[in-house]
Amino acid sequence: MSQQDFAAALLDPDLPAPAGLAAWNGSDPAQRFRVYRNNVIVSLIDALADTFEVTLELVGEEFFRAIARLYAYACPPQSRLMAFYGAGFPDFIESFPPAAGLPYLADVARLEYRRIVAYHAADVPGVGAEAVAAALADEATLPTLGMTLHPSLSVVVSTSAVVSLWAAHQGILDLSTVAPDAPETALILRHGLNVEVLQIPAAVGAFLCELQAGASLGRAAAEAMSIDTDFNLVSILGLLLQKSAITALNPTRSPT
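Going by UniProt numbering, the sequence shown opens with residue 1, and the numbers climb by one from there.
It should be emphasised that the hints constitute simulated quantities derived from the structure, not laboratory data.
For each residue, glycine too, the CB sits at the ideal point set by N, CA and C.
Heads up, a few of these hints could be off.
Okay, the calculated beta carbon distance ranges per label pair [claimed, not checked]:
| hint | residue 1 | residue 2 | range |
| --- | --- | --- | --- |
| 1 | 12 | 141 | 50 to 58 Å |
| 2 | 183 | 229 | 16 to 24 Å |
| 3 | 34 | 84 | 27 to 35 Å |
| 4 | 130 | 84 | 53 to 61 Å |
| 5 | 171 | 3 | 23 to 31 Å |
| 6 | 13 | 88 | 18 to 26 Å |
| 7 | 39 | 234 | 54 to 62 Å |
| 8 | 128 | 3 | 51 to 59 Å |
| 9 | 198 | 81 | 21 to 29 Å |
Straight-line distance between alpha carbons at most 20 Å, and here's what the computed SDA-like set of lysine to any residue pairs gives [claimed, not checked]:
| hint | residue 1 | residue 2 |
| --- | --- | --- |
| 10 | 243 | 199 |
| 11 | 243 | 168 |
| 12 | 243 | 210 |
| 13 | 243 | 140 |
Please put together the full structure from these sequences, using the hints given.
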């Protein structure tokens, strides 16, 4: 029996126990293996439940544990760091036919996982307002000016009320006031020791995504303006500075 055979049987409930197993007390090794296999899967389900608390609350314990069990068999951990287990769970939910009637569920799961990533992201100091103002005032480099955003920062663009649904399950909003099918864009970032979830306009979300993709400030602002002509660059830069979310200025980037 190889480790590969053991692992394959451990993660496939349809496979028999590996050959060559023996129990010290003479009990049935196949039965003991089935118990062990179930315990392993239950521990993975519990780990997912800890990460995706709101997702669980939205669908209930039975539904959540059923889909989590399927995910655990299909996508076992690839790292010892269980804090990051479940990166593919939102996509798994999105492709899971029984969840098709809950279009918001996968995006709520994405938001929850991004919060975990934000919490564990590297701690990088932000640049000051003076440095940003100087870069914006430099006409020679302004056309190609880029910005590096804090590693904890991410954006979730959803066709559903992803922020409001999450907030309602934190006691911030009354769930009865939430329209689940109202599109919302979430900004997730860590400020100090706190992971924050903010609802932002779609244009701001597009602006931030462009910056993260390496676009110049001008290109990112143009993308935002194509979505909303009232896009306010000064306002979003002020928010990023307030949250220490601009970590580097890159004046030599080529416009994209």
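Against the structure, the hints:
no. : hint                  : verdict
1   : 12 / 141: 50 to 58 Å  : 57 Å, holds
2   : 183 / 229: 16 to 24 Å : 18 Å, holds
3   : 34 / 84: 27 to 35 Å   : 28 Å, holds
4   : 130 / 84: 53 to 61 Å  : 37 Å, violated
5   : 171 / 3: 23 to 31 Å   : 47 Å, violated
6   : 13 / 88: 18 to 26 Å   : 20 Å, holds
7   : 39 / 234: 54 to 62 Å  : 56 Å, holds
8   : 128 / 3: 51 to 59 Å   : 53 Å, holds
9   : 198 / 81: 21 to 29 Å  : 27 Å, holds
10  : 243 / 199             : 15 Å, holds
11  : 243 / 168             : 23 Å, violated
12  : 243 / 210             : 19 Å, holds
13  : 243 / 140             : 28 Å, violated
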